[in-house]
Each structure stands twice: as C-alpha cells, then as structure tokens.
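Enquirer: Could you put together the complete structure from these sequences and hints?
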Amino acid sequence: MPIGSGIRAFAITEQVDETPTIRTVRLDGSMHAQPGQFVMVWVPGKDEFPMSISYPGERFGITYKVVGEGTRHLSIMKPGERIGIRGPYGKGYSIEGRNILIVAGGTGMAALAPMVEQAVASGASVDVVLGARTQSELLLRKRCERSGATLHITTDDGSDGSKGFTTDKARVLLEVGVYDMMYACGPERMIVGLLQLSRTTGVPMQASLERYMKCGIGICDSCAIDGKHVCVDGPVFSHEVLSKLSELGRTRMSPSGGRIPID
Amino acid sequence: MPIGSGIRAFAITEQVDETPTIRTVRLDGSMHAQPGQFVMVWVPGKDEFPMSISYPGERFGITYKVVGEGTRHLSIMKPGERIGIRGPYGKGYSIEGRNILIVAGGTGMAALAPMVEQAVASGASVDVVLGARTQSELLLRKRCERSGATLHITTDDGSDGSKGFTTDKARVLLEVGVYDMMYACGPERMIVGLLQLSRTTGVPMQASLERYMKCGIGICDSCAIDGKHVCVDGPVFSHEVLSKLSELGRTRMSPSGGRIPID
Amino acid sequence: MTGLEVDIAGIRMRNPTMLASGILNETGRSMVDVAKAGAGAVVTKSVGLEPREGHPNPCIVELKCGLINAMGLPNPGIDAYLEEVAFAQNGGVPVIGSVFGGSEEEIAEVAKRMASAGVAAVELNLSCPHAEGLGAEIGSTPDRVKRICGAVKASVEVPVFAKLTPNTSSIVSLASAAEEGGADGVVAINTLRAMAICPELGRPILSNRFGGLSGEAVRAVGVRCVYEIFDTVTVPIIGVGGVTTSKDALEYIMAGATAVQMGTAVWSDGPGVFSDVCDGIGKFMNANGYESVEEMKGIAHR
Amino acid sequence: MTGLEVDIAGIRMRNPTMLASGILNETGRSMVDVAKAGAGAVVTKSVGLEPREGHPNPCIVELKCGLINAMGLPNPGIDAYLEEVAFAQNGGVPVIGSVFGGSEEEIAEVAKRMASAGVAAVELNLSCPHAEGLGAEIGSTPDRVKRICGAVKASVEVPVFAKLTPNTSSIVSLASAAEEGGADGVVAINTLRAMAICPELGRPILSNRFGGLSGEAVRAVGVRCVYEIFDTVTVPIIGVGGVTTSKDALEYIMAGATAVQMGTAVWSDGPGVFSDVCDGIGKFMNANGYESVEEMKGIAHR
Ligand SMILES: Cc1cc2nc3c(=O)[nH]c(=O)nc-3n(C[C@H](O)[C@H](O)[C@H](O)COP(=O)(O)OP(=O)(O)OC[C@H]3O[C@@H](n4cnc5c(N)ncnc54)[C@H](O)[C@@H]3O)c2cc1C
Ligand SMILES: Cc1cc2nc3c(=O)[nH]c(=O)nc-3n(C[C@H](O)[C@H](O)[C@H](O)COP(=O)(O)OP(=O)(O)OC[C@H]3O[C@@H](n4cnc5c(N)ncnc54)[C@H](O)[C@@H]3O)c2cc1C
Ligand SMILES: Cc1cc2nc3c(=O)[nH]c(=O)nc-3n(C[C@H](O)[C@H](O)[C@H](O)COP(=O)(O)O)c2cc1C
Ligand SMILES: Cc1cc2nc3c(=O)[nH]c(=O)nc-3n(C[C@H](O)[C@H](O)[C@H](O)COP(=O)(O)O)c2cc1C
Ligand code: FES
Ligand code: FES
Numbered sequence: 001m002p003i004g005s006g007i008r009a010f011a012i013t014e015q016v017d018e019t020p021t022i023r024t025v026r027l028d029g030s031m032h033a034q035p036g037q038f039v040m041v042w043v044p045g046k047d048e049f050p051m052s053i054s055y056p057g058e059r060f061g062i063t064y065k066v067v068g069e070g071t072r073h074l075s076i077m078k079p080g081e082r083i084g085i086r087g088p089y090g091k092g093y094s095i096e097g098r099n100i101l102i103v104a105g106g107t108g109m110a111a112l113a114p115m116v117e118q119a120v121a122s123g124a125s126v127d128v129v130l131g132a133r134t135q136s137e138l139l140l141r142k143r144c145e146r147s148g149a150t151l152h153i154t155t156d157d158g159s160d161g162s163k164g165f166t167t168d169k170a171r172v173l174l175e176v177g178v179y180d181m182m183y184a185c186g187p188e189r190m191i192v193g194l195l196q197l198s199r200t201t202g203v204p205m206q207a208s209l210e211r212y213m214k215c216g217i218g219i220c221d222s223c224a225i226d227g228k229h230v231c232v233d234g235p236v237f238s239h240e241v242l243s244k245l246s247e248l249g250r251t252r253m254s255p256s257g258g259r260i261p262i263d
Numbered sequence: 001m002p003i004g005s006g007i008r009a010f011a012i013t014e015q016v017d018e019t020p021t022i023r024t025v026r027l028d029g030s031m032h033a034q035p036g037q038f039v040m041v042w043v044p045g046k047d048e049f050p051m052s053i054s055y056p057g058e059r060f061g062i063t064y065k066v067v068g069e070g071t072r073h074l075s076i077m078k079p080g081e082r083i084g085i086r087g088p089y090g091k092g093y094s095i096e097g098r099n100i101l102i103v104a105g106g107t108g109m110a111a112l113a114p115m116v117e118q119a120v121a122s123g124a125s126v127d128v129v130l131g132a133r134t135q136s137e138l139l140l141r142k143r144c145e146r147s148g149a150t151l152h153i154t155t156d157d158g159s160d161g162s163k164g165f166t167t168d169k170a171r172v173l174l175e176v177g178v179y180d181m182m183y184a185c186g187p188e189r190m191i192v193g194l195l196q197l198s199r200t201t202g203v204p205m206q207a208s209l210e211r212y213m214k215c216g217i218g219i220c221d222s223c224a225i226d227g228k229h230v231c232v233d234g235p236v237f238s239h240e241v242l243s244k245l246s247e248l249g250r251t252r253m254s255p256s257g258g259r260i261p262i263d
Numbered sequence: 001m002t003g004l005e006v007d008i009a010g011i012r013m014r015n016p017t018m019l020a021s022g023i024l025n026e027t028g029r030s031m032v033d034v035a036k037a038g039a040g041a042v043v044t045k046s047v048g049l050e051p052r053e054g055h056p057n058p059c060i061v062e063l064k065c066g067l068i069n070a071m072g073l074p075n076p077g078i079d080a081y082l083e084e085v086a087f088a089q090n091g092g093v094p095v096i097g098s099v100f101g102g103s104e105e106e107i108a109e110v111a112k113r114m115a116s117a118g119v120a121a122v123e124l125n126l127s128c129p130h131a132e133g134l135g136a137e138i139g140s141t142p143d144r145v146k147r148i149c150g151a152v153k154a155s156v157e158v159p160v161f162a163k164l165t166p167n168t169s170s171i172v173s174l175a176s177a178a179e180e181g182g183a184d185g186v187v188a189i190n191t192l193r194a195m196a197i198c199p200e201l202g203r204p205i206l207s208n209r210f211g212g213l214s215g216e217a218v219r220a221v222g223v224r225c226v227y228e229i230f231d232t233v234t235v236p237i238i239g240v241g242g243v244t245t246s247k248d249a250l251e252y253i254m255a256g257a258t259a260v261q262m263g264t265a266v267w268s269d270g271p272g273v274f275s276d277v278c279d280g281i282g283k284f285m286n287a288n289g290y291e292s293v294e295e296m297k298g299i300a301h302r
Numbered sequence: 001m002t003g004l005e006v007d008i009a010g011i012r013m014r015n016p017t018m019l020a021s022g023i024l025n026e027t028g029r030s031m032v033d034v035a036k037a038g039a040g041a042v043v044t045k046s047v048g049l050e051p052r053e054g055h056p057n058p059c060i061v062e063l064k065c066g067l068i069n070a071m072g073l074p075n076p077g078i079d080a081y082l083e084e085v086a087f088a089q090n091g092g093v094p095v096i097g098s099v100f101g102g103s104e105e106e107i108a109e110v111a112k113r114m115a116s117a118g119v120a121a122v123e124l125n126l127s128c129p130h131a132e133g134l135g136a137e138i139g140s141t142p143d144r145v146k147r148i149c150g151a152v153k154a155s156v157e158v159p160v161f162a163k164l165t166p167n168t169s170s171i172v173s174l175a176s177a178a179e180e181g182g183a184d185g186v187v188a189i190n191t192l193r194a195m196a197i198c199p200e201l202g203r204p205i206l207s208n209r210f211g212g213l214s215g216e217a218v219r220a221v222g223v224r225c226v227y228e229i230f231d232t233v234t235v236p237i238i239g240v241g242g243v244t245t246s247k248d249a250l251e252y253i254m255a256g257a258t259a260v261q262m263g264t265a266v267w268s269d270g271p272g273v274f275s276d277v278c279d280g281i282g283k284f285m286n287a288n289g290y291e292s293v294e295e296m297k298g299i300a301h302r
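Residue numbers (the numbering used here), protein chains in the order written: chain A, 1 to 263; chain B, 1 to 263; chain C, 1 to 302; chain D, 1 to 302.
If you're looking for bench data, these hints aren't it; they were derived computationally from the structure.
From a predicted model like this one, the values you see are computed outputs, not experimental measurements.
Incorrect hints may appear among the rest.
[Said to hold, decoys possible] In the DSBU-like style, the derived pairs of lysine-lysine whose C-alpha atoms are separated by at most 35 angstroms in a straight line are: (1) C:K36 x D:K64; (2) C:K283 x B:K78; (3) D:K283 x C:K64; (4) A:K91 x C:K64; (5) D:K64 x A:K78; (6) D:K36 x B:K91; (7) B:K91 x D:K283; (8) C:K146 x C:K247.
[Said to hold, decoys possible] Here chain D is said to cover these stretches of chain B; the calculated rule only asks that three of the stretch's residues, wherever they fall, bring their Cβ under 8 angstroms from a Cβ of chain D: (9) 46–55; (10) 82–91; (11) 162–170; (12) 218–231.
[Said to hold, decoys possible] In silico contact screen, one side only, chain C against chain D (beta carbon under 10 angstroms); selected entries: (13) K64; (14) S169; (15) L192; (16) L213.
No residue lacks a Cβ here, since even glycine has one placed at the ideal position from N, Cα and C.
Expert: The following block contains the structure:
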C-alpha cells in the first residue's frame, strides 16, 4: 500500500465502439501496469468507479460497459474532454507457464487482453476462451486473433462459436489439453465454475474479482470478501485464496455495507 | 534547503575540558558533516543554539565556550544525560589548493580542527595560526600538532608564541609564503582584518561567520547579513561574498531583530 | 499493568494501539484480521439507526502526507451491523462500538443496541466533519456534547468515550463537557475539515466537496489537542491522528494519552503497522527504563 | 489584467504570489531579495508597538510535511522596523505591512505608523496561535475581529487585510466579521495550533510548548477555508498555507483566492519557489486556455 500519487487528469483522445454496449476510451497519457491492475476513473460531477486497464502504456485505455449513470456519462464524453484517473492499483496477473488457458466472460476480456498479448509474447502457447451472450457482444475478438493466441468462441445463444458457457468450453479444453495455468475474468458464477474445474483437474488458476469499491486503496473495507480486499489484495487472486473465500459467488456488499446475495 | 530530519536525542558519552573556559562534549551517535557545518544544540529546558561540529563522524562532538545560561547548563550535564541535536546545517569549507593557511581565533578552532586534519590528509602543506587571549586558552593545540600541520601560536598577552593577534601573524606568513587559500574562523574583527589581507595579497579566503540564530534553516531571517543567511548560505562564505557585506564587522541583529553594533 | 498492557476505563488491553473507526471495520472479519495483526482493541465503523450509503464516489483523496475522506458515514444500520460486531469478538481483543446519530435520543438508542452486542465500550462520533446534521455538526458546542454524553450514559452500562472534533477554537471545553456529561474517556482527534481541488478539472475532487484530513499531516494538531485536554480533564484520553510509528504513538502517550488509535497508517503501511508500533514502543521502554506504558503517560507535562 | 497580473483591493501585482509574514522578512534586504526572486508582493514580519524578543529557542520543529514554529512575534518595534520597510520598497513590488497588538487601539496605532512608511496595505495578524494576549487570542471571536478592523480602517487610508485563524469552528464567521468591520480583504490561513514532543527527552520540543503548523500539512485545510469564505464574503481573499507548487496555488485560486502567499516553501524549496510557481501557473493557463488569473478565481464553485 505505497502512498499513491493522487488523481491526475487526462484528456480523452478517442472513444471506440467495441460492441453495441461496450466502448473503449483512450487517454492522452501513459500508464504502466500489470495485466489485471485497475484504475479508479473519475467522471467529474458524476461518479468514480474501478476499471481494468485494457490498454496499458502510451495512450492507455479502459474498456467499459455502459451499465449506469457513470458509465453512460463517460460514453457521451468527447475527445478533448477530461477525466480523472488514480492508480494503477491492486495486484494483477502473474504470467507463469508454457501452456496457458485464458477464460474471459462478458467484459472480462478488458482485463485479460493485455494478458493474452503478454503471454503470447512470453513464448507460451495460449488458448483463449472468449464468451458472450451473443456474437455482437464478443469483446476484443480481433485483438485476440491478432495476438497469435488460439481463440475459442462461445455464445449463450449459439450465434457464434459453440453454444453455451465459457465454463463448458473450458472443461473440454482442460480434459484434452495440458495446461500450466488458467487465467480468468468474468461473472462471478463463471469464476466459481472454473474454480471447480481447477480443483478437479489440478490446473492452478488466477482470477479477477469485482466488488463495490469506494477508496480503492485498502482503507474503507467496502470491497472486503472474507477479510481480503479486492482493491489491494486483488483484484486477481490465486486458486488457493479463492478456494477459501466463503462469500465467493454468494454475497457481496452494497454501498452501505449491507450484505446482498450475488445473482 | 532540503527537508531535514528534525531533532534527534543523543546521550552524552563524555565531557572534556579543553581550556579553563572551553569544553568538548562527545555524543553517543554519528554525524557526518563537512568541516565548518554546524548543528543546533538543544539543552532541554534551557536553550537551543548553534555549534560547529568539532568532531565529525562516530561519537561526534562539539567544542563550546561557556558564555551564558545555555552553555553553562550544557557544561554541568553528565555522561548518560541527553541533549537534542538537529542538523548538520549550512555550507562548510571546501578544501582547495596545495598550500593552505588556516587562521583560528578564540573558539574558531572548534570549526577548523576537522578542516586542518582533512587538509593535511589531502596532501596539502598546511600552516595554522592559532590565537587566544592567553596560553591556557589555546584551543585544540595538541590535536593540531598531531595532525602534521605547521602550528604558529599567538597570544594577546604574549604568554605563548608571538605576542599579538592572529592577523599579525597571518600578515607575516602571507608576506613570505605562497598560499592558494586562506581559511578562517574567529571574532568578526579578525575576519575583517583577514579579508583586508586577502584583498591586498590576492590570496582567496573562506571564513565562517556567527549571527544570532533561531530557526537554523533559512526561514526566520534572524541570521541575515545583507540578505545572506548565515544558517543556509553560510556559515562559511568566500571572500567574494564577504567583500560585499556592508554589515560585516559593523552590525548584527539582536533576538528581536533590532540592529546592534558589533564590538 | 506491566509492559505494553494498558487499562482504559476498566478495559484491559494487551497493548495501547487500537484500530480507528472507519478503517477496515465494515466487516467483522476485517476487524478480526486487524486484531490478529496486533491491534490491542478495535473500534467499529460508526453506525447509525438506519442504513446509509454515504457520499457518492469520489470519497477519498490521496495526499503526500495523508488522506482526505468523505465517506459520509456509510453503514448498514445498527441492526444489520450487529452481526459484524458479533463476529469481530473472535479477534480476542476488546471491541469498541462507534455510533452516530442526529439527536441525543437517536445516539442513545444506537448506543443501547450496540451495547447489546457485547462491546467493551461505545465511542460516540461527535466529530465527523462531512455529514450534514451528524458528527461535528452536533458535537461542536460544549452544551450539546454534555447532553449527548449524559443521554448515552443513561442508556448503557459499558464505558462511554466521546470522540471530539479539532475543528474548534477550544477542544478543551468540548472535553470538559464530555466529562461533565459522564463520559468515561475522550478520543481526540477526528479529521480536520479539508478540501482538495483538481486544477485541470477546475472542481473539488470529493463528491461532497468537503472531507476530513487524516494521517501524518494532522499528528501535530492531535498531539497538541491531547496535551491541552490532559491539563484539564481527568478521564482517560485516547489519542488519534497520524500515528504511523512508535515515535508518533509515544508523542501521544507522553502528551497524556492512555492509548492510541490508527487509521490512515493502515493505508500507508498496511495492518502490520500495529505490531510494528508495539515492537517499537517495547524497544523504547527497554532502552529508556520504563516498565509500563502508564508510567510514560503525560510525562511531557512535567 | 492579463496573464499573471492580479489586482487585489486596488493593488496591482505582476503575479499572484506573495511572501508570507514571518518568513525572511526581518530585514528589508531579504524582502528585496525575495521580490527579485519573483514574488509579486512581499508581506513584512508582524510588528508591534514595542521591541519583543519572541520565545526562546527552540522555536522551530521540522516535520516530514511542514514546520511547527513558535517564534512568538519577535520584532524590533514598529519605529525601528520602519527602516526595513523603507528598504523593502527597493524590491519594486508592493510591500504589505503586517501588524499585531493586544487591543484595537494598539493595533490601529501600529497600523498607522506602518502606513506612514508607504506600504501598499496593512495586514492584521489576528491569528498567531502561540503568543499570549495577541494574534488568535484576540482574533477568535467575530465581534472582536469586527471591532479591530473598524478601528484600523479609521486610522489608515491604505487597504486593510485581516489574517484569520483556522483554529475555530467557523472561519466564515470571522471573515464576515472582518468584512463588516470594513476590511478590504481577508487572508487565510495562519498556522494550526500544534505541538511536537521528543520521546527520548519526554518533553515538548518548543520552549513555548505550543506552536503553529504550516506547510504541505495544512494546505487542504487552507483550501477548504478559502472555499468556504468565498461562498460568503465579497472582499478578495488571499490564500496561504502549504503552497509549494503551481498546482497548490491553483487549488487556492480556484477555491476563490485572488492571490496566494508562501512561507514554508521558502524553507523546503528556497526563494526560487516564487518564480517556479509563477512559471507553472503560466504554463497551466496556456495549456488550459485561461487568459487571466482572475478568470480562474473561484471556478471550483461552479
Ligand atoms: C477491479 C474492477 C475492475 C473492473 N473492470 C471493469 C472493466 O474493465 N470494464 C467494465 O465495464 N467494468 C469493470 N468493472 C465494473 C465497473 O466498475 C462497473 O461496471 C461500474 O462501476 C459501473 O458504474 P456506473 O456508474 O455506470 O454504474 P451505477 O449505476 O453506479 O451502478 C451499476 C452497477 O455497477 C457496479 N458499480 C457501480 N459503482 C461501482 C464501484 N464503485 N465499484 C464497483 N462496482 C460498481 C455495481 O454492481 C452497480 O450495481 C470493474 C470492477 C472492478 C471492481
Ligand atoms: C554557525 C555558528 C557556529 C558556532 N560554533 C560555536 C562553537 O563551535 N563553539 C562555541 O563555543 N560557540 C559557537 N558559536 C557561538 C554559540 O552559538 C554561542 O556561544 C552560544 O549560543 C551561547 O549560548 P548561551 O545560551 O550559553 O548564551 P546566552 O546567555 O544565551 O547568550 C550569550 C551570547 O551568545 C550568543 N548566542 C546566544 N544564543 C545564540 C544563538 N541562538 N545563535 C547565535 N548566537 C547566540 C550571543 O552572542 C549572546 O549574546 C557558534 C555560533 C554560530 C552562529
Ligand atoms: C476513510 C476514513 C473513514 C473514517 N470514518 C470514520 C468514522 O466512521 N467514524 C469516526 O469516528 N472517524 C472516522 N474516521 C476518522 C478516523 O477514525 C481518525 O479519527 C482519523 O482518520 C485520524 O486518525 P489517522 O490519522 O490515524 O487516520 C475516518 C477516517 C478515514 C481516513
Ligand atoms: C517561521 C514562521 C514565522 C511566522 N510568523 C508569522 C508572523 O509573524 N505573522 C503572521 O501573520 N504569520 C506568521 N507565520 C504564518 C505564515 O505567514 C503563514 O500563514 C503560514 O506559515 C502558512 O503558510 P505556509 O504553509 O506557506 O508557511 C509564520 C510562519 C512561519 C513558518
Ligand atoms: S475499496 Fe476501500 S478497502 Fe477496497
Ligand atoms: S537562523 Fe533563521 S534564517 Fe538563519
């Protein structure tokens, strides 16, 4: 928990539609970060929320789904307008092994795309399972293809790739392939499913979690899950830690600190 | 003006009589400093005042004349008792040249003793003029002799060495010798005299000044002399700077900031 | 009491450090972890009668020497929170329940429910500088402080600590009022009312605009407050504000604090800061011939 | 006014930075040097009727993010000091004379003599937190602040600025009182009352025990004060406290300050800090399309 540098303002250089509901915003500045680390994004006058760094380095960027007021406002901001950023925060993925399986569901590919590229660059053989509700929502597909990884598409509605969930495809790959490590980001029930597979196949795993965040720096306790703090101990956790989390897939905390069930 | 580390407490290891009116106190700790730099010495409950570091390094020490309440209290403190120290502060002497003349009057040798040792160690040929009112007040004489420098003693009353002032002896030496630099510390009228010699002989000079100090860190203006601050711009000044000081040898400031003549 | 142990209003603590309110204490589990990391006691999050989301984000600003926060007293309401308090008891150290409210009656009621969860004491947050109608807004006059303490004392059996605001011309008069109202101890200080502005965006960073400054920046103010209070009141004082090292804790203790709380240091140094501070105090005591923390209390007043 | 120039109560400054009272302003020559180093105006040391030695040493404590000082208003008395004020005029920037006293009459008298030296304005130190019967001890109630400002206004022609204490529950009411008393501007903030203790020696470091905290540590409090005052008073505000970078100065300006003063930064960064801050403000204005400092004033209130 080193003392951070506080909020910095960055101008938007461009906004790119990735899917009908997901956009990428690129910013005029650089941010070096491990894959899986996040920033707190301040949309002035509206909200501040955590977002994975989907494009690290120069002209860094985040890839966000429009789900509420804050993200909607971000989506209508124009190049030249500025937002506040603090971070990078948290612990990202550590790249290990020669044979790697990466599983991304929903917006999960935002956190995993830099991971895919770096894993391929490290010389590993990389299988990527990319899943979405439907074909048009498959996130950063082209970027994955270009990376040199082997892409396996799943859609809930069968509009592309195999019909079904990412966990189904991951099960098949884990049964036939030999993997040193599995990396995941996506809905919590997907993480729970993959953790089960990790347990049965013995393939270790690292997964990124999401919790409501206020401070982002390990002080307010709002992102707590069984005493771990997603903002500083995570968002990426190893399967050892994940297996011990009694709240995983069950409850999360609301902004007031009350416990609510995970859908 | 870098941000300092604040006051630290040090236990007294010993108190040594140097002359009937001057003692050295050694402290349980180390302090690395240039010759000529000073510390602010806090005698708890009494006073805090500036003192040159006469023994830098391990078990560092200061050599002080008992002139008032603060120094009197320091003089009766026993080994094991503690004082507060902040520093080192200020700009010390910079050792330059192969032929060096060092002139110390009164307690001036407290600041100059480390200078003598380092100059000799640097391979320079070093002449030292050490002056005092009377023989018993000649400060750190043995230490100078041991250093390998050539010692020239003067006393006001003629009880040792040549009778007269350090400036008289310095004039003689400057007339016959060839010096690259003159270093001085002592009463201000001595500095003024030497500055005159420096001007006529063309031998450059560095001298340490004393002014009433409160902050010691360049913020309160109480040690100002013509806009220079003895605590941060000095206490050691070059002859170029010294020649421009209209207040040198004339006025100094009292604790209230009023100007008083220098005796 | 020997070594690091202290007794505060009858509460025995293995060491003089406590987790401050509002830091890693939304969940019982986090409080247990902080206790395991070495804290001598944990204070809970400040809790009110009803659930409250607190201020929207951004609610924290990182500075070079501290934090500004405007959490806005988020909490799930005392009834839901009692479960966390109960869990916190597993930490094996005293749990002190922090409560807030908008009136004497409300605070007394929350305190009563808090006490029912078996806390060792209740701490009254009369000092949050950024929540309308709560905290400092009702804790800035001696008269009100006295009445609130009186009301709470009448409703609970456990010791009552009043946490005071430094945003006043006389924290001493607030402390005296708390004592007169029957408080068993005072806690000083809560955060200093503060603000940060982002020049590029030309607006205050916090959604609430105003927040509270904590950490290194405020220590010298907190030590001064404790020193002043010690000269006037006789009930024990808990020192808070900018404690990160054993030296900082010792400043508070010598100023007159029986114990210290730490909040912002958990951010800058992690929860290990509790055992680091305690180790440092222990070493200092050995090196300086002190046999108990009590012995050092207030000695800077000699 | 274009570029860095500002006008405050009719005083034209080439840039919005001033030397704060009590820092490098015991001598006229030092003030001239600070002006040459880039300050847009210089405030003098706070001066009283009679000579005063101030508190004995130690009178300063260096902290990680600021200083605590208890100089205790040393000064040679207004009559002796006028010579320094006269010399300070050689800096080529407005000189603002800071004065203190123990009563309305005394302050008015010192202000009158100060004005005779041709200062551009007088600044009333109603806020020093460590001098008995002076400064904050008489400047902490709105009523007194109003009366003092009124008395001074009646005795001088030049603009009068009231420098206020943040050691209060409402600096806004002090600012309003100053305005009602006729002050032409308010200066916020003076130092926060604070203390540091040396654990090994078991005593407060300052001979006066209490001192005033300045520097980085207090900036967020100062910015908050200026922001609050700007919402209520219409006279110009001069922001002080922890300004070291152009970003810090911009925080104050956007909170509502017309100009800023710097003190502690002269210690941490040297007198070159004035031109550094001004350069930074200039660059920021270019990059962000502002044409005058005035244009940025108070925009964080939008
Ligand atoms: C470590 C981390 C990384 C994330 N990375 C991404 C990413 O790369 N792309 C992406 O689209 N989303 C990501 N999210 C989720 C993202 O934070 C929310 O979608 C976003 O906060 C919604 O903001 P809003 O104001 O539009 O929604 P609101 O209308 O405020 O709320 C809608 C929902 O968004 C979530 N949410 C809102 N605020 C927060 C908050 N402060 N912290 C956590 N969740 C919140 C809640 O579930 C809430 O119910 C990430 C979350 C975390 C914790
Ligand atoms: C850079 C510097 C280095 C010095 N080094 C030495 C040294 O190595 N050995 C030595 O004996 N003396 C040294 N002095 C002088 C020394 O500071 C004074 O002798 C000492 O402060 C006297 O303190 P007191 O409380 O005993 O005297 P007091 O009774 O307080 O005053 C006696 C006289 O001491 C001087 N003095 C007192 N307080 C201060 C102060 N805060 N700053 C400056 N002068 C003061 C004044 O001339 C005063 O009139 C140095 C002074 C300076 C500025
Ligand atoms: C994020 C955060 C939340 C806080 N919440 C509360 C709170 O709910 N109740 C309370 O009494 N104090 C609260 N405080 C104040 C702290 O308990 C403490 O008084 C203050 O931070 C000074 O201590 P520190 O410098 O060790 O952090 C909070 C402080 C911070 C930083
Ligand atoms: C050493 C020192 C002396 C001061 N003396 C005075 C003074 O005489 N009169 C006054 O009004 N303020 C005085 N102050 C307060 C400053 O003018 C200023 O208000 C305060 O230090 C905050 O600004 P800064 O953080 O830039 O230093 C003094 C501050 C310091 C550090
Ligand atoms: S978001 Fe505050 S602790 Fe994680
Ligand atoms: S002693 Fe304060 S400026 Fe030198």
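Enquirer: Compare the structure with each hint and give your call.
Expert: Results of checking the hints against the structure:
1. C:K36 x D:K64: The given pair, whose Cα atoms are some 30 angstroms apart, holds under the 35 angstroms limit.
2. C:K283 x B:K78: The hint holds at about 24 angstroms.
3. D:K283 x C:K64: holds, 23 angstroms
4. A:K91 x C:K64: holds, 22 angstroms
5. D:K64 x A:K78: Not OK: K64 of chain D and K78 of chain A at ~41 angstroms, beyond 35 angstroms, violated.
6. D:K36 x B:K91: Holds, at roughly 23 angstroms.
7. B:K91 x D:K283: Satisfied, since the Cα-Cα distance of roughly 34 angstroms is no more than 35 angstroms.
8. C:K146 x C:K247: holds, 33 angstroms
9. 46–55: Coverage by chain D holds here, the residue count being 3 at a Cβ distance below 8 angstroms.
10. 82–91: holds (count 3)
11. 162–170: With 0 residues close enough to chain D, the hint is violated.
12. 218–231: holds (count 9)
13. K64: Hint on K64 of chain C: holds, closest Cβ of chain D at ~6 angstroms, below 10 angstroms.
14. S169: holds, 5 angstroms
15. L192: L192 of chain C check passes; min Cβ-Cβ to chain D is 5 angstroms, inside 10 angstroms.
16. L213: holds, 5 angstroms
Taken one by one, the earlier hints fail for this structure at numbers 5, 11, listed in ascending order.
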